[in-house]
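There are 2 protein chains.
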Amino acid sequence: MEMYFWIAACHMLFISLWIFAKITLWKEFGEPNPVWHWQCLQGTCQKQHYNETVSSSPLSLPTCRLSCSDAAGLWPKPTGDVSVSNIFQNVNFNSIDVVPKQSNSPSSKLVREAGKVFKEQIQATIPRRFNPKGGKSLLVDVDIKNPSFSRLTLDTDESYTLKLSETSDGRLNALISAQTFFGARHGLQTLNQLIVFDDLKGELLIPSEALITDKPAYPYRGIVLDTSRNYITIDAIKRTLAGMGASKLNTFHWHITDSHSFPYVSKSRPELSKYGAYSPSKVYTDEDIKQIIKYATVRGIRVLPEFDAPAHVGEGWQNTGFVTCLNWQPWQSYCVEPPCGQLDPTKDGVYDVLEDIYGDMIEQFQPDIFHMGGDEVNFHCWKSTPNIAEWMQRKGLNVSEEKDLVQLWRYFQDNALQRLDKKAKRNIPVVMWTSHLTDPEYLTNALPKDRYIIQIWTTGTDAQVGTLLENGYKVILSNYDALYFDCGFAGWVTSGNNWCSPYIGWQKVYSNTPEKIAGPTKKHLVLGEEAALWTEQADSASVDSRLWPRAAALAEAVWTSPANPSWEAAEQRFLAHRERLVELGIGADAIEPEWCLQHEENCRIGAKLNTDTKFN
Amino acid sequence: MEMYFWIAACHMLFISLWIFAKITLWKEFGEPNPVWHWQCLQGTCQKQHYNETVSSSPLSLPTCRLSCSDAAGLWPKPTGDVSVSNIFQNVNFNSIDVVPKQSNSPSSKLVREAGKVFKEQIQATIPRRFNPKGGKSLLVDVDIKNPSFSRLTLDTDESYTLKLSETSDGRLNALISAQTFFGARHGLQTLNQLIVFDDLKGELLIPSEALITDKPAYPYRGIVLDTSRNYITIDAIKRTLAGMGASKLNTFHWHITDSHSFPYVSKSRPELSKYGAYSPSKVYTDEDIKQIIKYATVRGIRVLPEFDAPAHVGEGWQNTGFVTCLNWQPWQSYCVEPPCGQLDPTKDGVYDVLEDIYGDMIEQFQPDIFHMGGDEVNFHCWKSTPNIAEWMQRKGLNVSEEKDLVQLWRYFQDNALQRLDKKAKRNIPVVMWTSHLTDPEYLTNALPKDRYIIQIWTTGTDAQVGTLLENGYKVILSNYDALYFDCGFAGWVTSGNNWCSPYIGWQKVYSNTPEKIAGPTKKHLVLGEEAALWTEQADSASVDSRLWPRAAALAEAVWTSPANPSWEAAEQRFLAHRERLVELGIGADAIEPEWCLQHEENCRIGAKLNTDTKFN
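Read top to bottom, the protein sequences are chains A and B.
Take the first sequence: its letters are residues 1 to 616, numbered as in the UniProt record's numbering.
Take the second sequence: its letters are residues 1 to 616, numbered as in the UniProt record's numbering.
Chain A on its own, in the form it takes in the complex (with noise of 0.2 Å):
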């Protein structure tokens, strides 16, 4: 009697977990039973009825863009040769080795770690509870020719090559090759891309053969983030970090304080961050800093540090004596955007604090290059103060004239610049943004080119762009109207929309390459270009939407860079590629209906349509 009570509820608890377990996974991966599947028809991913009786091995669309879509749907699109097979194997996700060939070397470290997010992007992309069935185990070898090397910097090689095969004993072996450390780390987010989780199958699959020869464009792919206008949490920036290594960014350009606050805690100098602070805890300590330099570096990013002056400073100098015009009103008078301030140049002890600040950034960010921001100098705010007009003309320099204001500025930036090097024992590059300094008349002498890269903010056919091309000086993108992600929201001084509208959609972003700004015989002085993100209008609950998926065509513009950028035919690879950016916990934002996703080529005005499906 018992036995059989045994096996009754047995029974039951059988069908209580297959209904349990068949519920859950219905929700989390898809039915079971899939009405509809892709095909690759004339060059495109074509969704379409599924019959069982007709084919037994359905296709997901991610599966099928892999060997369907331009490049295997890899994003940014490799420079060299892409070559994927279109079988596919099933891989086990935990028998997956990613292997340093170097070992006990400072990359084999940095190997290890990239290995951990390899394996964690490829777990983003499973149902969450879902247990993949079976499969073949995966090794990933890594064979690194400089495994010494693990600072990125302007010369570092990025190039890999990725090799993927089959064992004879049918075990998969994904070999990549580098140069550096940083080459590897994109070889393993180009394989990362080539496996995909199929949710008709339940699988997670991967092209059984594939040889990818790739390196960047250019050198510098970057995003400056402003974390002072408004705070952004430390969440935040590591999943915009995760943005980017995914993306193959390799630049963090922190603008890390402005007038508005003053977040860095400076071990040498806390009092600036305990007035300037929105918060006590709207802070990034030494620990943050440092969890966030260890989290970029193994994405291969670099993270560099902005102290931007002798603008774009007031909130935390308040108690020291060395600013001026802090909030000073009406606002408009002394700057661009409240709160003004400006720091204080003819004060002595001001390149004090700043040696200080330079030395603890230097210790803490070890920067290959550093950047000292210096933009937007409103004269009539040093004008107007009244022991600087008396320095001034001690000194017998004349407040109404700019070029003697230009001195005074000069003056500034060579102390501070001394200071700088001071603490970096050694000339270190600087970047520095353009300016009235930047202008054909002074930049010679102001910034001269063996000492300072310019970043362009101003727009993409500014007549600065073109002096800075001729006179040699090396250059970043930042043209406000193509790689400004704050623009096209409401004012906030007044009403209306803010003053670089309107939104600048990807499209544009995408066709903005080095070459189409600077021309084909200037292009080399391009390092590369930055999206930024100034933050009036956003925090961390925006910055994911308004950096996403914007900063990825960026990525292509300055990685694939293509000759003649066509967003219509990299559209697909970049719904694709957010797809995957979504997948990892970053906010992007919707650029289409799921619709045009699901069906390729058919969303766009003039679009390449496959066939007359009218009446169909």
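Keep in mind the hints are simulated off the structure, nothing from the lab.
Careful, some of the hints might be misleading.
In this list, chains with the same sequence are indistinguishable; a pair is considered to hold if it fits within one copy or across any two.
[Claimed, not checked] Restricting the straight-line Cα-Cα distance to at most 30 Å, the calculated cross-link-like pairs of lysine-lysine (DSBU-like) are:
#1 282 <-> 201
#2 77 <-> 274
#3 101 <-> 215
#4 282 <-> 238
#5 516 <-> 422
#6 274 <-> 425
#7 282 <-> 47
#8 47 <-> 347
Following the hints, put chain B in place on chain A, whose structure we already have.
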């Protein structure tokens, strides 16, 4: 010996806990020794250096606002009296009780649920892991005159009175009096805004006395969310409802289906979502809908289903034989955006399917009004469909005459309405979008005003608005030039920006009151307003930042509906309300630097300045 060990161990444990608590508190809710505090000076809260020797009781900004801001900082601003004491009491979070006076009524259960929301919202203001010290108990009595009334209608009395006082034995008492649960829950929301966490004191503060009377200017205050162009998760819908409740919006108009996808699981016609959902998991099941309705009702919100027809259908209908033009190309010829799709009004069976859908929706939503959509019918689609053309010919209608095509549309609408009424078992009020049918020549015959409420989506100055009001129609305003929150982003069928660019700032939303659109003599015909989020370019990741805080600007435009709306006067309260939304876990967009929140009235061109701060 052993005793000493325990004493030492206890001592160390105590010290460790103390250090841990101190670090935790510091990171979580502020440094114990504040360097800033806020003082109410000349009607604004001003940030001041805090000096312990000058004042022993620093005020945090939220506390300062309660006594210093217009209408105690409430959003939306009450339409009646607001009297709030500037003496604050410490409330004990664990001793807050919300008690319905009328137990065992339909309302009492809702009040208890609303009480839980009330407490959750207070908890959301308290930093994680912080345990407020001591404080007084707070009893919230909720007195409802019509406790049997538990469904919102257009006639529901949403007024309330809130009286806050101290009892003789030192407890705090709030009395909320209302005609209905829907008024009472607004009273709870107002009380929520009067309870703030003061991070300088580490206490939950409430004014010791208050008297507020309030009721909305307009009965219909909504958001229409499209869940077809992109799927919106249940969680994102709940966040939307949470923001609505906190802002006293009362209608969640659910544009649940469209041509792009059919996520609505119809109990009678499950094949529509089986074929029409983007994936088997991107659906709304009966259980999901029940959950959403419950969540909404507790927050005073009706869930108004829209089944848009005869246009705006497509995916899901493939196998019915009742849809025409589905994904016809070039789409520009047959609809306003891809994919095209329209029901075929000549097929009798289409009305049977509609009747089933209506029946399912009426049963699930129990709506007081129903939305039949009815916008953007494309005549070229119908006349290009051979069997429709033949049918028209048989009926003596001319496919080249607009008026005859309108006749066909009316045939559809009349039949559909009849099926709806049959399922509603009454002549249920129907909302329809402005369209060809609302043109002056068709309006009164096609859509009699005793059956139809018209939702206006054309511009606020469109001639149709005048026609509708002249003819005595009740209207809901969603004029796209102020209330379409999808405007301003990139193009998606082309480059450039989307059709209704530019982005609409909150200032414009705020100023778009019914009186400004309809004029003082016709505003009584306006039921209210509704912001629209069409989701071609938004999904769960961006729905929060698209809707919020702009939908809160709409809330004040229809709840308070100031005669001369001034966004400048409302700005500081609005910034503070945006912070409330963020505390509730809603990713509301940042509209200004936090500096402007902390420095009231300092950020505008032409802002009222308290002092000439120059040279100070």
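Original post:
Which numbered conditions among the earlier hints are violated in the structure presented, ordered from lowest to highest?
Top reply: 2 and 5
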